[in-house]
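Listed here are the chains, written in short residue letters.
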Amino acid sequence: MNTNTSRNENGSAYYLSQPQADLDLVSVVRGTPSGELLRRYWHPIAVASEVGELPFPVRALGEDLILFKTPRGEFGLVYPRCCHRGTTLYYGKVEECGIRCCYHGWLFSPDGKCLDQPCEPNGGEKRDNYRQPWYPVRERYGLVFAYLGPPDRMPILPRYEALEVLEPGEWIEPDGRSLGSGGDVIAPCNWFQHWENIMDPYHVAILHSAFSGIQFIPEMAQMPNVSFEPSPIGVTSTQIRSIEGKVFRRVTEVAMPTLRVVPNPWATGFNRPVESIGWTLPIDDTHYRIFTAGRAAESGPLYYPPKGLMSGNRRWQDMTEEERQRKPGDWEAQTGQGAITFHSEEHLASSDRGVAMLRRFFRKQIETVAAGGNPAGTIFDERDESVRFAAGNYLEAPAGIPVLQS
Amino acid sequence: MNTNTSRNENGSAYYLSQPQADLDLVSVVRGTPSGELLRRYWHPIAVASEVGELPFPVRALGEDLILFKTPRGEFGLVYPRCCHRGTTLYYGKVEECGIRCCYHGWLFSPDGKCLDQPCEPNGGEKRDNYRQPWYPVRERYGLVFAYLGPPDRMPILPRYEALEVLEPGEWIEPDGRSLGSGGDVIAPCNWFQHWENIMDPYHVAILHSAFSGIQFIPEMAQMPNVSFEPSPIGVTSTQIRSIEGKVFRRVTEVAMPTLRVVPNPWATGFNRPVESIGWTLPIDDTHYRIFTAGRAAESGPLYYPPKGLMSGNRRWQDMTEEERQRKPGDWEAQTGQGAITFHSEEHLASSDRGVAMLRRFFRKQIETVAAGGNPAGTIFDERDESVRFAAGNYLEAPAGIPVLQS
Amino acid sequence: MNTNTSRNENGSAYYLSQPQADLDLVSVVRGTPSGELLRRYWHPIAVASEVGELPFPVRALGEDLILFKTPRGEFGLVYPRCCHRGTTLYYGKVEECGIRCCYHGWLFSPDGKCLDQPCEPNGGEKRDNYRQPWYPVRERYGLVFAYLGPPDRMPILPRYEALEVLEPGEWIEPDGRSLGSGGDVIAPCNWFQHWENIMDPYHVAILHSAFSGIQFIPEMAQMPNVSFEPSPIGVTSTQIRSIEGKVFRRVTEVAMPTLRVVPNPWATGFNRPVESIGWTLPIDDTHYRIFTAGRAAESGPLYYPPKGLMSGNRRWQDMTEEERQRKPGDWEAQTGQGAITFHSEEHLASSDRGVAMLRRFFRKQIETVAAGGNPAGTIFDERDESVRFAAGNYLEAPAGIPVLQS
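In order, the protein sequence lines correspond to chains A, B and C. In terms of numbering that gives the first Met the number 0, the first sequence is residues 0 to 405. In terms of numbering that gives the first Met the number 0, the second sequence is residues 0 to 405. In terms of numbering that gives the first Met the number 0, the third sequence is residues 0 to 405.
There could be a bad hint or two in this list.
Which copy is meant is left open, because identical chains are indistinguishable; a pair holds if it fits in one copy or across any two.
To be verified - With a cut-off of at most 25 Å between alpha-carbon atoms, the simulated SDA-like pairs for lysine to any residue come out as follows:
#1 Lys125 to His346
#2 Lys112 to Pro157
#3 Lys363 to Pro150
#4 Lys112 to Arg137
#5 Lys363 to Ile339
Hints were generated in silico from the structure; no laboratory data involved. The model shown is predicted, which means the values in this text are computed figures rather than measured ones.
Excised from the complex, chain A in its bound form (with noise of 0.2 Å):
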């Protein structure tokens, strides 16, 4: 019996070998090369307005972790077991200060240092030798945001300028519903199936077209004339498509680390600079969520969905299985993958070039980190200017001139 013959001839799914996912390049676990690379940066963790006076449980980069908000507006991110007998602080309270544990009242400083420990005499002559372990938190665009890495590595938060420059009446609104998932909020797959997915845009006019019906405007069920091009944080595309005799020129891109810079798929605000950015945050392995801060004014949110549609003309959340089954979108496309994609059973085609292009630059990272370098988007300067991105919707006449937008 010789199975490469068998195979090659009959296709059957029985030669098949054990399939493989790559976690080289796709885990967040702390101790693998993409994890590590990930570690990197601030993730957006938590819409800062939902954090109340209850210590806040988050999972970030597969770590369990607890948020809290002092009274006076200050964020700690702390480990959640307390360093003394390793309660856990999710039934700390929130004080001043910091937070105290339940069981003996250790009180912790946002930075972990070990303020109070009331059942020790003088409230704990050797409290400075404890520490409770920790994370640095910053607060922008109404999120909060961590760095789960190296503290001798830890960058500046950057900022964006599409998230800076508003308009009279505009403002920054935060978002943690998972805009752009497609579906839940926490969706259970790796978050690489998201982001590589952002490179596709060919799938526009399958997925969200031909086979599911118009999920976007009807525009975007044209097959486009798409191109790729790395950035110096990440990958470009623009798609070309027309619309009434005019040039739609679609330009979408991922930046380190997770960033998903995606101008509104129904087309809203042409010509103006994308009008969100989303954070895609890798829960674990087989979890992730999206961050995302927009620009919204009195007129309505700037940034999708509008009318409060997830795709299509139903939501996701009131769809039966059948109806997922008949009308899929992003989120079963690529849950659909599995919790983490086989990448041994890929086989990439021409309309994968941005896929591949995005992994060859995400691996390229992953070796300036290994081999002891900064990777691309790192920033450690607080003077740098903000980060510009080309995505947006651009309307265009055939010459090349910019379209008033009507």
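Got chain A; can you put chains B and C on it based on the hints?
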């Protein structure tokens, strides 16, 4: 402390060693001795009429697969993950010629050939280089059968005389409700526990009679005179009881690969060939279900259960936990052996000689496959006759002259 | 990058090593050091009156077992899988002489002897060759106790003076609701986390008072003057507080193997022997429950909780998740240490010296067993006196003269 002595003297559970299942005998997974034996046969995976226009997920022999039926009635069975980027074909669309992936629209024929790649130039100029892993399927007796083994060893799908020779007004009725499991459709235990129960007719007088009350006809409560003998494709058992002075001879069979050939235990239809055949589908190592095909007529189904009863006077689905504890049936006895029974802890006795004979027979087939041969019951010539079984309920005069059924 | 230096300087959670539980200390599984120690004692497995005519499944020390009570009141405890073909005796029938398997009717006495094999000739001529693995059981104080250890090391089931010497009108009331767990009947964490909490009286002033509000009597909110000393069978703690100028001396004990000897924390019944004894049953490595026996009288139970309260003014079962976060109790503090706490991450302080003393004592017993000896508290002579505890709530004049209870 002499553990052996202590155990022998006292029988304490303290000295139990780690119990073990004989996975070489009962595993259904590809690559295991028994899993490879099972892969030399066709197995039913669905009732044909239950497969609609949507992709139909099935699980068989530990493999997740997608079954589909084209509008022209052709069945296809494929590996669930699209060979392109791994999205499950559960969200695919069944078309005239095959199944299309939702993500990038690749279209596959029932034998896995790639027919269209709409995101690639000209629909995929190199599409012949891609093939979706697949398995052959056949429809017969209202069931869909699949062959999950090596292509060069594929036997024909056998015909069974009991399902081929019909009286006027009879037809073949397929059933996927696991008739004979004594409970729900999917049983949470290894299939072999169910199968070898067929060669264990002694339990009928205990479990189904003395213990739980009469679950079949009252005459089955008699402890029968039992004999076993090997058949070319399995094991046959004859159980002799008496009914009103006549000889009630009941013949039951198991046949490769998973067949249960059990005449109606409510004993209607004496002196005719067995009215149905059941296939025990190993879903995976710890789950099975039963597909059945039997002769039916206007006067009612010829195979059990009569009057819609699964066992006794109460449907299993309607019984409480306490009722199941008080009146257990096959389901409780077999799932009660655990997900996979601990063969290392068994102590077979003389009443288990049918079980022992069946295991010897099955092990012999495993050895035949391991040695490169074709196991019992595999047929490679379509002209071969239908398989004939001796199974049935026979009512005979003491002298051995058949008695007409009243 | 110098990880040690970085960690020392910064306290970042990034440098946490993989946390570890000390399974040699806390595992309850057969074959582990602590599991073997626990197997040298009797453990309560059920409230006798809760065992009815049906087989009663229990789980203790990581072992699943079937308990049964014959019509004449004899208890049996057997390995769940019938030694014949492995069907669980959960579906068995309890008869005059033992338990009968549903499948083939084998009947076993409480000590595992096979009494009947109805499918075998003459009821099983060789039935004496078979034995169902079993453990000894005893009924006392309304509880069913079992011994899961080596038969040749079986001690007697001890008597406790606090449960043997009754006032007129008093009786012993058994309880299986896990009094003292602070929550539900089955707690999802290792038993040792609960047990060592008894030798941690400091937390009473924090968790049960300053943190969550007064959960016992107001006087317990005082940070006590605490001392610990080893007893022959465990550790004893004395906590001195004052009540209206009198000395409130509270003595609590832990005793081998799992006993919690804790006087009512609502402090009724001063100056009498402790009113109840609790046995912490290790269900498995990550679950425990508590059986209690205590003196009761017409005037109400002498052991806690009074007025049906588990903690504070609100029953745990009625609290919402947020309420438990705001007012945690023992349940939250102990299950909040995780399924098995990470001993590698602990930092014990001076207030943990009772916990440390208890662990040293317990480790010493583990070593004794490993060296072939009999651990503390195992008694082999029925004539030995009852075990006496010092535990109790004592109210005394400052000079040390006992004060009559008001």
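Q) Using 25 Å as the alpha-carbon threshold, which applies to Lys363 and Pro150: within, between, both, or neither? A) within (22 Å within a copy, 42 Å between copies)
Q) Between Lys363 and Ile339, at a C-alpha cutoff of 25 Å, which is it: within one copy, between copies, both, or neither? A) within (21 Å within a copy, 40 Å between copies)
Q.
Cα distance capped at 25 Å. Does Lys125 pair with His346 within a copy, between copies, both, or neither?
A. The answer is between: 12 Å across copies meets 25 Å, while 61 Å in one copy does not.
Q: Have a look at Lys112 and Pro157 and pick one of within, between, both or neither, based on CA distance no larger than 25 Å.
A: neither (27 Å within a copy, 49 Å between copies)
Q | Homo-oligomer pair classification [Arg137, Lys112; C-alpha up to 25 Å] | A | Classified as within; 18 Å inside a copy, 53 Å across copies.
Checked against the numbered hints given earlier, the structure breaks only hint 2 and satisfies all the rest.
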